[in-house]
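There are 2 protein chains.
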Amino acid sequence: MTSDHPHVPHLTTALTGPLQQIESHLLEQQSRIEAWLRAQWRETPAPLYASVDLRNAGFKLAPVDTNLFPAGFNNLNPAFLPLCIQAFQTKMEHICETASNILLVPEEHTRNLFYLESVATLRDIILKAGYQVRIGSTREDLDAPLTLDLPSGGQLTLEPIQRRGNRVYLEGFDPCMVLLNNDLIGGHPEKLRDLEQMVIPPPDLGWTVRLKSGHFTHYHEVATEFARMLDIDPWLINPMFRNCGELNFQKREGEECLLINAGRLLEDIQRKYDEYDIDREPFVVIKADAGTYGMAIMSVTSVDELRSLNRKQRNKMGSMKGGASVSKFLLQEGVYTFETWGAEEAVAEPVVYMIDHFVVGGFYRVHKGRGVHENLNAPGMQFEPLAFVESCINPDTNQAPDAEPNRFYAYGVIARLALLAAARELADHREELAEGAAEAQA
Amino acid sequence: MTSDHPHVPHLTTALTGPLQQIESHLLEQQSRIEAWLRAQWRETPAPLYASVDLRNAGFKLAPVDTNLFPAGFNNLNPAFLPLCIQAFQTKMEHICETASNILLVPEEHTRNLFYLESVATLRDIILKAGYQVRIGSTREDLDAPLTLDLPSGGQLTLEPIQRRGNRVYLEGFDPCMVLLNNDLIGGHPEKLRDLEQMVIPPPDLGWTVRLKSGHFTHYHEVATEFARMLDIDPWLINPMFRNCGELNFQKREGEECLLINAGRLLEDIQRKYDEYDIDREPFVVIKADAGTYGMAIMSVTSVDELRSLNRKQRNKMGSMKGGASVSKFLLQEGVYTFETWGAEEAVAEPVVYMIDHFVVGGFYRVHKGRGVHENLNAPGMQFEPLAFVESCINPDTNQAPDAEPNRFYAYGVIARLALLAAARELADHREELAEGAAEAQA
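Which chain is which? The protein sequence lines are A and B, in order. Quick note, the first sequence lines up with residues 1236 to 1677 if you use this note's numbering. Quick note, the second sequence lines up with residues 1236 to 1677 if you use this note's numbering.
Be careful, since some hints might not be right.
Covered by chain B, according to a simulated footprint, are these stretches of chain A (three or more residues, beta-carbon under 8 Å) [what the hints assert, rightly or not]: (1) 1262-1272; (2) 1308-1316; (3) 1349-1356; (4) 1362-1374; (5) 1622-1633.
Some chain A residues well away from chain B (every beta-carbon gap over 12 Å; in silico) [what the hints assert, rightly or not]: (6) 1277; (7) 1305; (8) 1332; (9) 1344; (10) 1388; (11) 1425; (12) 1481; (13) 1514.
It is worth saying that the hints were derived from the structure and are not from the lab. Think of the CB as a built atom: it goes at the ideal place given N, C-alpha and C, for glycine as much as any other residue.
Could you build all of it, start to finish, from the sequences and the hints given here?
This is the structure we're talking about:
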């Protein structure tokens, strides 16, 4: 397919040697890996959906962020929409087998047309899976249905969510399930609290409660177990991280802890680089522990760089979407992106989408003006989405380990490890709920 | 996609008006239909896989045969292989969640390269779904592995099935499940009887036991329930049928019963044609009740035609694959095929594939030298397979009811009704087994 389609990237990867080793390994062990994953999903069911940002350094392939309220469905290859539809049907049979009416609750920022295209794609997936679906808005200023025209030519109608007792509904529409596509970073709206209807994913997995460090603690466990099974160094698929307590960039409170941890992390990375003869400069990414949208994020290559931040940089690190202030940070090993696209060698970062535990597609964020160690999901960033041309579940052992279907298979495996970490977060959450209920009864 | 690909048929359908009505109806009622089907699958789980031959007369869209041991996987659009893989994963999670090694048992006729390509495709689906799979042969003359080269460039290795106690295995391979792709028309091999391993589909759904009339009795019920829900005439999706007792074409035994029933069926069809102003000649298809491979099948437009069969025709109706003699026949309303392909107006018959209750693809059997009311699956027939270019689960309400994605959706709905009939056959079979076990205990 590649040669006929001008929209398909030719990906050139520097330092492919070690990655080919990871890919070869994953390919050879496919049936063991899948059997292992099957056992994991039996123990810990996957969330309804997720997207995982991966970075592919050639010598290392690792997730750097896992989104439990994914946007970007419009960037997937339309040829794989049937996979999304089928996976959604399967998931619904498990979680709510008699459901027929679904209320989809998206983010409130209705001026982001790209995001609205994603919501429209998600709505179509649900519709085609055979459900009635309407879109409810939590916006307080919405008192009548609002129909928006989309660049793709489609339309999207947002309707005000109404509430009666412990049920939400729309005019003439009584949903049996609420599907959240809102990360609740602005807080958990009153309207959606304590509903008798099932709310999926649970609101407590929104950024009001969830921490990246919690996710990566689970991911560390998952990657360690997986690497043990395959007898590989877990570092090849696992970004190291550290976090410290409360921190105020503007007031320079908690800075000493930050500097010490950043220094130690840089040393740890250098040690691994030495071990693998990697002639690159280690870097650390500092990001809000409860953050999204590429806000409050920066990358540094030395402690000095961190010490000498200017006021503007400090302010930037202190504020989050919706003006919330940030006090908890994650220090994560920076993973280089050595996948590039085209003659300009634009940096490309894969994003993998999953519904239930099925990998349903993905795309590359291609950013022309950005470096190999910068964050690609940053405010105002102009990325060009490049849909994966192949599915991630159709590896071909007759081709090279680095051929597209096999690289995409590798992406799908690593993304599912991050999904498993998210599934364990979800299980923790369920346990907490159960304990809470038990205490309330006692 | 259509215009770029020379291998995509341009389908011209005469008399599309009434079919567009069926298609429009199915499209409008999609979420009701899917909700209804979901409830059906909860009550009666679908078989592991099936293919359904449909005939599209423009005024009528109906299944004419349901195969529970489908071949032809190689004819599906490779772009939809991921759908097959995902559906197979889902099915396996339900029926045998800890399975890892699967023994695939195909038909014995190893000289049919088209069939072997299908087995190879099925093997790849299972492999890519994450299972170990090897192919076991029931052939008595096979005492060592036999590797066959396929026209596609691939290979297939058949290994002799060995048995120890109540388990089958291959050299160095202990399967936990046997997947049958053999309709057992030659009988149920001793080697595969009374196994402690799970055998799927159950051998009793092979043609040693199963009857088409049993299937179409269930289909009649399903079509009636479905038509009632949608408030349409069930005849639009249901071929009428009759059967009579034992019959010997060569000896002309039971002929009177055959003639009477054929005459009544032709009258019944004429009545419906009159009701719908259809200016076509009714015809009846007579086929072996336990038959396959297009053997022992003929179509007649009058009782006289049937009365005056010559010796050759009578002999042809009396024998089946493997030389078995035929004594039970199904008389089925002939459904015209008004889908044609190309300037030659070659007749095209859709075949829809399902894994679990998911429609995973399909293709057209295009036969250039055959008429609109002849059987397209006949010995020596030369059909050209034309893979569906679109999936059957991605209808598009923005396009005409007869646009490809919508026509394919309609095919997928009707095929799933036939699948549901097969699911009920399977349930009957399970009940019989349970009763048998209860009696044995008593």
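Here is what the structure says about each hint:
no. : hint      : in the structure
1   : 1262-1272 : holds (count 6)
2   : 1308-1316 : holds (count 3)
3   : 1349-1356 : violated (count 0)
4   : 1362-1374 : holds (count 6)
5   : 1622-1633 : holds (count 4)
6   : 1277      : violated (6 Å)
7   : 1305      : holds (18 Å)
8   : 1332      : violated (6 Å)
9   : 1344      : holds (27 Å)
10  : 1388      : violated (9 Å)
11  : 1425      : holds (31 Å)
12  : 1481      : holds (44 Å)
13  : 1514      : holds (37 Å)
When each numbered hint is compared with the structure, violations occur for hints 3, 6, 8 and 10.
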